[in-house]
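Peer 1: Listed below are the residues making up each chain.
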Amino acid sequence: MNANLKRSRAPIFWVMFGGGGMLSALFGTALVFVTGIAAPLGWPFGPNLLSYERVLAFSQHWFGKGLLFALIWLFSYHAMHRIYHSLHDLGIPTGLAAKTVCYGGAFAITVVAAWKLLAIGF
Amino acid sequence: METFKADVAIVGAGGAGLRAAIAVAEADPTLSIALISKVYPMRSHTVAAEGGAAAVTQAHDSLEAHFHDTVAGGDWLCEQDVVQYFVGQAHEEMVQMEHWGCPWSRKADGHANVRAFGGMKIERTWFAADKTGFHMLHTLFQTSIKYPSIRRFDEHFCLDLVVDQGRVQGVVAIEIATGEFRLIQAKSVIIATGGAGRVFRENTNGGIVTGDGMAMAFRHGVPLRDMEFVQYHPTCMPVTGLLFTEACRGEGGFLLNKDGYRFLQDYGLGPAEDKPRNKFMELGPRDRLSQAIWHEKQKGRTLSDPRWGSYVHLDLRHLGEKKLRERLPQIYELAVEYLGVDPARQCIPVLPAVHYTMGGIAADGATAAPGVAGLYSAGECSSVGIHGANRLGSNSLTELLVFGKVAGVEAAAFAKSTPHANGDRIMKLALDAQARAAGIVTRMEGTERLATIRKEMAKSMEDGCGIYRTAQTMQATCDKLAELKQRYKNIRLDDKSKGWNTEWLLAIELGYLLDVAEAMAHSALNRRESRGSHQRLDGYEQRDDVNFLKHSLAYYQGADAAPRIDYGPVKITTSQPGTRAYGAAGEEADRKAKEAAHA
Amino acid sequence: MNHRATLRRGYVRPMQGWWRRDPFFVKYMIREVTALAVLVYAIILMVGVVRLSQGAEAFNGWLAALKTPGSILLHLVLLASMIVHAKSWFDIMPKTMPLMFVGGHRVEGSTITRTGYVVTIVATVLVLALVWGVRA
Amino acid sequence: MPEAQRIEIQVLRYRPEEEDKPVWQSYYVPFTNDMSVLQGLQYIKDELDGSVTFRWSCRMAICGSCGMMINGKPMLSCSTFLRDLLPGPVRVEALAHFPIERDLVVSVGEFVSKLEGIKPYIIPKEERELSQGEYLQTPEQLEQFEQFSSCINCMLCYAACPQFGLNPDFTGPGVLALLHRYNADSRDGGRAERMKIVNAEEGVWGCTAVGYCSEVCPKHVDPANAVNQNKVNSAKDFFLRFLSPKGATT
Ligand SMILES: Cc1cc2nc3c(=O)[nH]c(=O)nc-3n(C[C@H](O)[C@H](O)[C@H](O)COP(=O)(O)OP(=O)(O)OC[C@H]3O[C@@H](n4cnc5c(N)ncnc54)[C@H](O)[C@@H]3O)c2cc1C
Ligand code: SF4
Ligand code: F3S
Ligand code: FES
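Chains as they are written, first to last, in UniProt numbering: chain A, 1 to 122; chain B, 1 to 599; chain C, 1 to 136; chain D, 1 to 250.
If we strip away everything but chain A, and leave its shape as in the complex, we get (with noise of 0.2 Å):
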């Protein structure tokens, strides 16, 4: 049985899978409802939480900037890499074709988010 195994590439999707989940498990739940639900309604921490220039040097900060951006790319990587694998659940066949749209779509998620903190610059 064990004559034509592969090495599978799996590792690397799933670190990343790991880390998202990790940091999705531990702060998603803080930061959907600071971010989605707090600071839109202005409760309990005010109207101006994430104002354009507040939001704006927490970007521009090192720290700032790093945090988001291993947000989203970890969670985009989470999330398709558990998509992927529901597809197959469903039956759905995981070609190529899936294969793109879900890593495509993570990596292209990724790259934009990065792009533009950089453009927002430090």
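Note that these hints are calculated values from the structure, not bench results. A virtual CB, placed ideally from N, CA and C, is assigned to each residue, including glycine. There's no promise every hint is true.
Covered stretches of chain B (in silico footprint by chain D; criterion: 3 or more residues with CB under 8 Å from a CB of chain D, positions within the stretch not fixed) [unchecked claim]: (1) 41-48; (2) 106-117; (3) 140-150; (4) 239-253.
Following the hints, put chains B, C and D with the ligands in place on chain A, whose structure we already have.
Peer 2: Below, chains B, C and D with the ligands alone, put in the same frame as chain A:
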């Protein structure tokens, strides 16, 4: 019929068969080996053994002590030269198993641990928690995969030996999945098909333990030796007969009657002390314990329950949950799952059930069968002579290894010295066997149900050849078996298919069971004494060394006749028959013996 | 080794709809579906970054969009999914780690899972406290 | 004896010599409180219909031959009790995800060849003669692999694992647990040879951590743990092989 050629064919892939296969492969890698089993190897009944395997290990132990325990335990019906060899090889085989990966339980210093076992004077039983047989079997099976010369025929039901001109030439097997017949031609054959506990009703054995190999050899003229000696294990689960290992008592469990009294002290096994002491009380030999429970029942001192019948209590509560979970995890689960009893808090109901067949295919010290050249046997199916009239717990797993290896080495040597025989003659014999077996399915006019015959046989064996026996009950059993053999010719199967026709295989097995049962019942009837596990109540309550310090030998006399019972000598080297005494009396006897030796 | 003849066809049962067959599988599928929430959130963040890079007006548009009831509702769903995701992540955690022994005793899977829960709660409180510290 | 009650057992029958597709068949079985599903089937075979086919032997949950789907869940029929399934009917079906050969009998051959393929034997780290006695192994070292060595090859975990159902080439939980058993044994030095299997798509990477395998395992082997902790090992192997010419294997 498809034919395969091998140098050595091994029927049975339990502990003995696997050990033999590895021994052949190691003896000479160029020999081809056919390993045939009606179940996948890891399903073999060795898997069920719980307690452990004996080998002299501790510094204060000695080969003589193991020898003496075994021979006295067997009520002097052992081949003493074979026992000598056995105790001498045991330790090396345990170490060999360790090197192959067997997860033996360990001491803190990393050495293998040993535990106490019934009838053994000093702790010498190697164990892997309470799944020793399981671990040994899986270790052997997995190790066997390493050897390319072992070709397995899994789920192949061996139907018959091919014997031509006094020499075994191979076996005929059925591939269960397809119903196809296979001739496996071989220069030597090792039978390692396990015991025959299924001839009895209440038993600890798996459904596959049907004495096939014994019956096959028997039908080809090889005598079955000492078949009357059937071991009852004292602590089994009511209704199912599932085993609670002797290790429960080795770890310090008590046996209690309905008054909560440790009744064994009334049967020469006392005094009752809190700590387990080797060869005292609960650590007495199995035959004595089972007999004591029988007596308690006669005296009305057992417990009873509509579900479980009459039983006694195995009390493990004082060992505490922690120790139980660590040392006896499987027992813990069995009790909870099957009986709803939590052993840390409640007593476990137990009763004796048939456990082991001491007798088997007659074999010399080199495992060779008399009269059929090239035929060897090992394991529970074989009577190589170490168990005598009563086996000591944990000697049999060791036997699988020691004599599995011997059989392998011997069969390999025989195969190397002999060419394959003429194929045509062998094929003709194989086709005869095929026709006989196929006839069972195609027969349309029968009326008997398989299960009815099987149940009547098991009931009758229990009634006639149980813990205590009389001529009258044994005769009734012999008569019943003769009747059942006739009715067996009239069975009718529901299943007419070729592939996976297990009903057909059950029918063939029933044929084996009936033959083995007859050998047991007639050997028992003819032994007019009490010895070891063979206990009579009809004027033969004593051991009779003058007339019966002999092996019984049952010879097949054809399908319609009862077996002929003959006798053969017992090899005595250093241990003259003495009193089998346990408890304080045993200690006293030991002391006297020592004094006598010094005087 | 397999020398089985033709009789051995073997009936292969279909897998269609397998994930509905057992509550355990349904739970698994729910766990996997939470990935969508993570993805959607990653995209929302990415869009935010894009808008940010396009200047104040663009970014304020993104903020305004976040304030729509539809967005709030979506984030409530995302919030719930994130909680499920976090829980299921730590539920499976013990399966992904080597056996651990502390003082000679095996660390139970449930201990690992519970530790995960606690760490998540601490992390969440920490984030909220931090944000509270910089609130405007 | 308590009043004999009857319980309906529905068996998924498949007789390839007679029919193309499995069909359900009902039997009524008198039962007592301590009767297992296996005993129910034995009653059927003995008394009602000798053609109903299933594997069994030990009756004590150790030989691993009697696994089947009982009311849709993979279980050992010898240690599943009818009393827990009242009032019935009880539906029994061959183990999921395996081809059915006949009635409750599935093909085991593929599983066994996978098992054979992982080198399930000690490849000694250092050779030792028998005369030198046993390898020393502390109880702690034993504990590192003991649970993984208690697999009875019942294949319930395969019937529980949808990834195996979707892709029969996936080595699967039980066999990977056995592989890990040898890798984790202090006496063994064969890890490098076995990593090839671990690293493959059909190895640990076929698993999506469903975890049901461990849930149904009757022997608490926790195969999901064996599989998933080896993803870490495989990932290390993947990245670290660039650091050492022979490939990293620890
Ligand atoms: C519950 C239990 C607990 C025990 N505990 C202990 C213990 O603690 N210590 C101890 O020393 N002993 C113990 N014993 C006894 C010991 O386990 C057995 O004697 C021993 O395992 C028998 O091994 P074997 O290899 O001879 O046969 P088995 O393991 O029974 O193997 C028989 C093999 O033969 C094959 N076979 C049989 N018939 C055919 C056929 N017609 N065609 C093809 N193949 C066939 C089977 O498939 C199987 O592979 C125990 C026994 C039982 C039942
Ligand atoms: S891991 Fe558990 S469920 Fe899987 S085969 Fe082994 S014992 Fe059975
Ligand atoms: S169920 Fe299957 S997917 Fe993995 S965790 Fe178990 S092997
Ligand atoms: S019959 Fe052996 S595991 Fe159920």
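Peer 1: All the hints need checking, so say for each whether the structure fits it.
Peer 2: Consistency of the hints with the structure:
1. Given as covered by chain D, the stretch 41-48 of chain B passes the check, having 6 residues with a CB less than 8 Å from a CB of that chain where 3 are the minimum.
2. Look at the stretch 106-117 of chain B against chain D: 7 of its residues bring a Cβ nearer than 8 Å to a Cβ of that chain, three or more, so the hint holds.
3. Chain D is given as covering the stretch 140-150 of chain B, and this holds because 4 residues of the stretch bring a CB closer than 8 Å to a CB of that chain, at least three being needed.
4. Counting residues of the stretch 239-253 of chain B whose beta carbon lies closer than 8 Å to any beta carbon of chain D gives 4, which meets the minimum of three for the stated coverage.
When held up to the earlier numbered hints, the structure conflicts with none and fits them all.
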